[in-house]
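S.K.: Top line first, the protein sequences correspond to chains A and B.
Residue numbers for the first sequence, in this note's numbering: 528 to 829.
Residue numbers for the second sequence, in this note's numbering: 23 to 691.
Honestly, the hints are just simulated from the structure, not real lab data.
Glycine is no exception: its CB is placed at the ideal position from the N, C-alpha and C atoms.
Check before you lean on any hint, since a few could be wrong.
What the hints assert, rightly or not - Partial pick of chain A residues on the chain B-facing surface, computed with a CB cut under 8 Å:
no., residue
1, Lys616
2, Glu659
3, Phe748
What the hints assert, rightly or not - Taking lysine to aspartate or glutamate pairs in the EDC-like style, the calculated list, with each CA pair at most 20 Å apart, reads:
no., chain 1, residue 1, chain 2, residue 2
4, A, Lys825, B, Asp389
5, B, Lys150, A, Glu561
6, B, Lys150, B, Glu232
7, A, Lys825, B, Glu369
8, B, Lys353, A, Glu659
9, A, Lys744, A, Glu730
10, B, Lys150, A, Asp715
11, B, Lys524, B, Asp455
12, B, Lys405, A, Glu634
13, A, Lys825, B, Glu371
14, B, Lys298, A, Asp554
15, B, Lys405, A, Asp551
16, A, Lys582, A, Asp571
17, B, Lys487, B, Asp552
18, B, Lys450, B, Asp529
19, B, Lys405, A, Glu739
20, B, Lys69, A, Glu581
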Amino acid sequence: MKIFNAMSVVLVLLSGVSTGAAADPLDTLMKKFEGGKYSKKGADTCIMCHKRSEKVMAIFESVHGQANSKSPMAGLQCEACHGPQGKHKGKNEPMVTFGEESPLTAEMLNSVCTACHNDTSRVAWHTSLHAEQDVTCVSCHQLHISKDPVLVKDRQVEVCSGCHISAKADMNKRSSHPLKWGDMTCSDCHNPHGSMSESALNEIDVNQTCYECHAEKRGPFLWEHAPVMENCANCHNAHGSVNQALLKTRVPMLCKQCHANDGHAGTAPGDNSSIQTGGQGCLNCHGQIHGSNHPSGKAFQF
Amino acid sequence: MKFKLSLITLALATCSSAAFAFDFGVTSANTQTSTNAKWACKKCTSKNSLIGQAGIELGSMNSDDDHAANNLKYTDGFAAGVNADLVYNNKGYRTEVVADELGSEQGYGAIKIGRIGVWNVEASFDEKRRYNANNAESVWLADGNSLIEQDEMQTQQLVLERKKSAIEVKLKLDNVASYIRFSNEDKTGKRASSMTNGGIETVNIAAPVESQTQNMAAGVSLSGQNWLTELSYKGSWFDNDIDSLDLNGSGYPVSSQAPDNQSQFITLTGRYSLSKTHFSGRVTQGSMTQDADFVTFNGVTSGQNSADTRVDTLDANFKVTSSVMSGLRLKASVDYSDRDNKTDINEYEQYSYDVLSGNFETNTRLDTTRTAYKVSASYSLVKGQRIEVGFDRIETERSNQEREETDDNIFWAQWRVTGFDKWDIRLKGLYSDRGGSEFLYDTMSASDENTLMRKYYLADKKSSKAELFVTHAPLDTLSLSFRGYYGLDDYTNTQIGLVESKDYGYDIGLSWQALQDLSVNIDGGYQWIDSDQASAQTTNLDMWQADTEDQFGFAGVGFNYTGLSQKGINISADYSYAVSISDSYSNGFNVLGDYESTSHNVTVQANYAITEQTIVGLKYQYAKYQDSDDTQLPTYYYPGTGPTGLTTLGVLNHDYDAHLILATLQYRF
Chain A
528 MKIFNAMSVV
538 LVLLSGVSTG
548 AAADPLDTLM
558 KKFEGGKYSK
568 KGADTCIMCH
578 KRSEKVMAIF
588 ESVHGQANSK
598 SPMAGLQCEA
608 CHGPQGKHKG
618 KNEPMVTFGE
628 ESPLTAEMLN
638 SVCTACHNDT
648 SRVAWHTSLH
658 AEQDVTCVSC
668 HQLHISKDPV
678 LVKDRQVEVC
688 SGCHISAKAD
698 MNKRSSHPLK
708 WGDMTCSDCH
718 NPHGSMSESA
728 LNEIDVNQTC
738 YECHAEKRGP
748 FLWEHAPVME
758 NCANCHNAHG
768 SVNQALLKTR
778 VPMLCKQCHA
788 NDGHAGTAPG
798 DNSSIQTGGQ
808 GCLNCHGQIH
818 GSNHPSGKAF
828 QF
Chain B
23 MKFKLSLITL
33 ALATCSSAAF
43 AFDFGVTSAN
53 TQTSTNAKWA
63 CKKCTSKNSL
73 IGQAGIELGS
83 MNSDDDHAAN
93 NLKYTDGFAA
103 GVNADLVYNN
113 KGYRTEVVAD
123 ELGSEQGYGA
133 IKIGRIGVWN
143 VEASFDEKRR
153 YNANNAESVW
163 LADGNSLIEQ
173 DEMQTQQLVL
183 ERKKSAIEVK
193 LKLDNVASYI
203 RFSNEDKTGK
213 RASSMTNGGI
223 ETVNIAAPVE
233 SQTQNMAAGV
243 SLSGQNWLTE
253 LSYKGSWFDN
263 DIDSLDLNGS
273 GYPVSSQAPD
283 NQSQFITLTG
293 RYSLSKTHFS
303 GRVTQGSMTQ
313 DADFVTFNGV
323 TSGQNSADTR
333 VDTLDANFKV
343 TSSVMSGLRL
353 KASVDYSDRD
363 NKTDINEYEQ
373 YSYDVLSGNF
383 ETNTRLDTTR
393 TAYKVSASYS
403 LVKGQRIEVG
413 FDRIETERSN
423 QEREETDDNI
433 FWAQWRVTGF
443 DKWDIRLKGL
453 YSDRGGSEFL
463 YDTMSASDEN
473 TLMRKYYLAD
483 KKSSKAELFV
493 THAPLDTLSL
503 SFRGYYGLDD
513 YTNTQIGLVE
523 SKDYGYDIGL
533 SWQALQDLSV
543 NIDGGYQWID
553 SDQASAQTTN
563 LDMWQADTED
573 QFGFAGVGFN
583 YTGLSQKGIN
593 ISADYSYAVS
603 ISDSYSNGFN
613 VLGDYESTSH
623 NVTVQANYAI
633 TEQTIVGLKY
643 QYAKYQDSDD
653 TQLPTYYYPG
663 TGPTGLTTLG
673 VLNHDYDAHL
683 ILATLQYRF
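Same shape as in the complex, but just chain A (with noise of 0.2 Å):
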């Protein structure tokens, strides 16, 4: 027992360090891309049997599909991404595909894309929450079309919530940004190729992303608020509230967990009869809640 122990440990670590067994058509495809052996009219003789597709043929309608180029088109073609044609032509040997029947790895998919698409906005791509995830650049991607969905404005939220959809559900609560119809889209806060910033933000941290269209409360203010100043999700869901103003919890009880002083803010939640709560609540005398500049301006009442 102790022997076949000690292989099955043997041979778990030499699996680790295995690089070439694997089993086809994987490993056909691998050996064809090695091998390099491209066809000797490249597009020209893909087309020759895939004309009759509709979907292989948008290719020429899309960003991709642009021969006179720095396109794929104006390479290998076809080819670029589909790996060398080999044997496939006539012995149909295996191809590169995308689909969900891949043999390939989401990270062999994506290493064709990353190829290419290596810029500033995909430089975390590999250490990002989707790239952790297997998520291949065609889960949201298309590639064989005009124009690919997820970059037109008022769909790209369609492909996100489908499986984001604690997002989704977030969309339709009494505030939230105007994502469900299309007025903004996830990517205006978010990178889905990942960032270096906290849930792939597209700024540095919360509050800058927040600052990119409410600059008004960038400041700095004479009188900072400190949980305004350090995040602006101690106050605020993003997503979507059941409250107003997209906040965690109704004014004034929100301000009540972090106000008891011996003065008014302690107080017990009155009904209409306080000025805590009727109105605008604690804002009713603090209108300046995200920072005073006014030299007077402690208390954010001015």
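Could you slot chain B onto chain A? The hints should help.
M.R.: Here is chain B on its own, set in the frame of chain A:
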């Protein structure tokens, strides 16, 4: 025996996926024998160089509340908009034109021209109006920076309008790329705000909004096959025409509004890949400044003219991920963020009721330094099963706050199963523990807070979260999804403040290709967020507790029918319902009253292709929306039914039905 079997399974699994990071990218291609330089690509053409569609929509909106335009994009009356999504390819050059209901309340248009893979210029225009209320009532009417008292109550509209223009230029040569982006956004309208006399009188107002924000970004990058570096700049300038507000002749103190300000950031970013290991890093040096003139009670600057506030920031991020062996990925990162407030410290006289109090307070510099260390591992147990575990530690230092240091330790794990045919199962768990230094309420001279108070963003906290996400495709035509989640934040050492918060619920989805020509989508979910808090005015002798119970539910169903497409007919419909509720109970009473919103949205659309290019259609949208907030008060209320000294904008709740019918004409190229 179990050990033996599991090891064998593990070994086989890792063997079977041994080729774990093969690069199929064109830059790794063996092109030694390729003759592609001679490829003519004679058939690489599209039938059309102009592709897409353009059209108009004309119709009528029927609604007595402009709030409906937030969703339906038109206000009451005639509705007209332009839609277009066009592409023109010509010898490697490409032009894209987009118009999305241009002319409506939420229109967007853009044009992009360029040579593919080399350069492009994009210009866009985005117009949004956000209607919050039609019926704000106040005798105070804005005129510039002043609110002038009118003889009679004025009904005012609270609507914010954003008009944003942007232009972007990108250039890419072989290994060098650069971009410059500039945008200008004008924001105008009115928003709900409030003015106080510093005592017990306050007036809710329809405050004017008139500001501009200009953002600029530019960068240049160099890249090779496995590396990239970029130097970039980002600047933002905010200019507020309404930098102060006064209730003319009321004796109320003049109120300062958001000051003009600006920010600048310079960033160096880099990436390097070494075989199966990828490094990326970024360093950003920035500053935020504002030197707006002080607003004083009588509106006249005296003495020191401005605070000249300045905050310098330094952010550094480093990440590495490596596929160290078959099936095993390791990841680590360090994120450093420093906020250094450089504003001069001075004494400022504070206000009490209707006079300056003689009480001077000094401004405080709020500095933070945050360092986050994260490590994680992802291992493929067997083919189709992956387990991920991670640990994050976040150390935060603060100055001039009630707690100087907090440390968060976060453990998380995910088990993902894709090996079972037609199933994708993800089970996530997280546990985190936050502690830190002593609270300083009793030693902070500037704080009047109760010494038992623990502010929730600083307080000790133990969090537990679990989430199950399952997608199942029992048929090729049917996909089901379920997400259930539960989260608990326990503020372990808090007696006064937020004590506990729970967030739990579920989401479901169904996507069904019922017939070849009929697809159906259904989704829905429900969420509960419960927050327990406690407080006291003085000590724990007058403790009170309150529970806030938030609930949210939604449901949607839609279909698309293309069975008559041979005859040029396409029909689709969607319906969605949502309800948001918040109740706060103290001593058994719902102290804040009813707070709820419900919405129903229906869209029905039918298109008919008169010819292959010309399509006419009819689109009907219905919205029923209602919200309530019992804390809103009429402008005039009976004594005892509202607080003394408060003048409100009235009850701003909504309750409306809206109908939008549009005839569409579309031309397909």
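S.K.: A separate judgement is required for each hint: does it hold in the structure or not?
M.R.: Hints, verified against the model:
Violation of the interface hint for Lys616 (chain A) is found here, the shortest Cβ-Cβ separation to chain B being roughly 15 Å, above the 8 Å cut-off. A cut of 8 Å between beta carbons decides the hint on Glu659 (chain A): the least distance to chain B is about 6 Å, and the hint holds. With a least beta-carbon distance of about 7 Å to chain B, the hint placing Phe748 (chain A) at the interface is held under the 8 Å criterion. A hinted pair counts as satisfied when its Cα atoms are at most 20 Å apart, and Lys825 (chain A) with Asp389 (chain B) qualifies at roughly 17 Å.
Restraint check for Lys150 (chain B) and Glu561 (chain A): the C-alpha separation of about 53 Å exceeds 20 Å, so the hint is violated. Distance check on the hinted pair: Lys150 (chain B) and Glu232 (chain B) sit about 15 Å apart at the alpha-carbon level, within 20 Å; holds. Simply put, Lys825 (chain A) and Glu369 (chain B) have alpha-carbon atoms about 11 Å apart, close enough for the 20 Å limit, and the pair holds. A C-alpha spacing of about 9 Å is found between Lys353 (chain B) and Glu659 (chain A), which places the hinted pair at or below 20 Å, so the restraint holds.
At roughly 16 Å between alpha-carbon atoms, Lys744 (chain A) and Glu730 (chain A) fall within 20 Å of each other, so this suggested pair holds. A C-alpha spacing of about 15 Å is found between Lys150 (chain B) and Asp715 (chain A), which places the hinted pair at or below 20 Å, so the restraint holds. Between Lys524 (chain B) and Asp455 (chain B), the direct Cα distance comes to roughly 16 Å. Compliance with the 20 Å bound is thereby established for this hinted pair. Between Lys405 (chain B) and Glu634 (chain A), the direct Cα distance comes to roughly 15 Å. Compliance with the 20 Å bound is thereby established for this hinted pair.
A distance of roughly 10 Å separates the Cα atoms of Lys825 (chain A) and Glu371 (chain B); the hinted pair therefore holds under the 20 Å criterion. A distance of roughly 19 Å separates the Cα atoms of Lys298 (chain B) and Asp554 (chain A); the hinted pair therefore holds under the 20 Å criterion. For the given pair, Lys405 (chain B) sits about 16 Å from Asp551 (chain A) by alpha-carbon distance, which is consistent with the 20 Å threshold. Only pairs whose Cα atoms come within 20 Å are accepted, and Lys582 (chain A) paired with Asp571 (chain A) is accepted, the gap being roughly 16 Å.
Distance restraint check for Lys487 (chain B) and Asp552 (chain B): the Cα-Cα separation of roughly 15 Å lies within the 20 Å cut-off, and the hinted pair is therefore satisfied. Taken as a hint, the Lys450 (chain B) and Asp529 (chain B) pair is honoured in the structure, with Cα atoms around 16 Å apart against an allowance of 20 Å. Only pairs whose Cα atoms come within 20 Å are accepted, and Lys405 (chain B) paired with Glu739 (chain A) is rejected, the gap being roughly 44 Å. Taking the CA atoms of Lys69 (chain B) and Glu581 (chain A), the gap is about 11 Å. The hint holds against a cut of 20 Å.
In summary, the structure is inconsistent with hints 1, 5 and 19 from the numbered list given earlier, while agreeing with the others.
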